[in-house]
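If you're matching positions, the sequence shown starts at 1 in UniProt numbering and goes up one per residue.
Check each hint, because a few of them may be wrong.
[Unchecked claim] 20 Å max Cα-Cα, derived SDA-like pairs, lysine to any residue: (1) K66 - M101; (2) K66 - G28; (3) K66 - N32; (4) K66 - E86; (5) K66 - G99; (6) K66 - S26; (7) K66 - N14.
Worth flagging that the hints you see were computed from the coordinates, not collected in a lab.
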Amino acid sequence: MIVARDRHTASTLNTGQILVTGGFGSSGIILNSAELYNPSTGVWTSASNMSFARAYHVASILSDGKVLVAGGEESPSPSTILNSAELYNPSTGVWISTGNMNFAR
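With these hints in hand, go ahead and build the complete structure from the sequences.
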């Protein structure tokens, strides 16, 4: 990986690449960055940043190939839990915000 992280998510895209999002960086700061791993070449590249820093979030691949990232923690002290969600479009490499969830989680 380009940036060391834990409490992140990893999602296998339809292209075979792996999208890694958020998590805690080595300094303990929650990250909004994302990276793509190409298992065919073994190369990591930076993806565009999410709108919010997130750790302990969830990520799901949708039927159209987009990745839905939702919830998680934005700040550890004081703890700020998110109700926001955003979509990553692998075709464009762009994140777009979606409607907020009813409850932060």
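Now for the hints, and whether the structure bears them out:
1. Taken as a hint, the K66 and M101 pair is honoured in the structure, with Cα atoms around 18 Å apart against an allowance of 20 Å.
2. For the hint linking K66 to G28, the alpha-carbon distance of about 29 Å lies beyond 20 Å, and the restraint is violated.
3. Note on K66 and N32: the hinted pairing holds, with a Cα-Cα distance of about 18 Å set against a maximum of 20 Å.
4. Taking the CA atoms of K66 and E86, the gap is near 10 Å; set against the 20 Å cutoff, the hint holds.
5. Proximity of K66 to G99 is assessed by CA-CA distance (about 16 Å); at most 20 Å being required, the pair is judged to hold.
6. As the CA atoms of K66 and S26 are separated by approximately 28 Å, the hinted pair breaks the 20 Å bound.
7. At most 20 Å may separate the alpha-carbon atoms for a hinted pair to count; K66 and N14 meet this at roughly 9 Å.
Violated hints, listed in ascending order, are 2, 6; each of the other numbered hints is respected by the structure.
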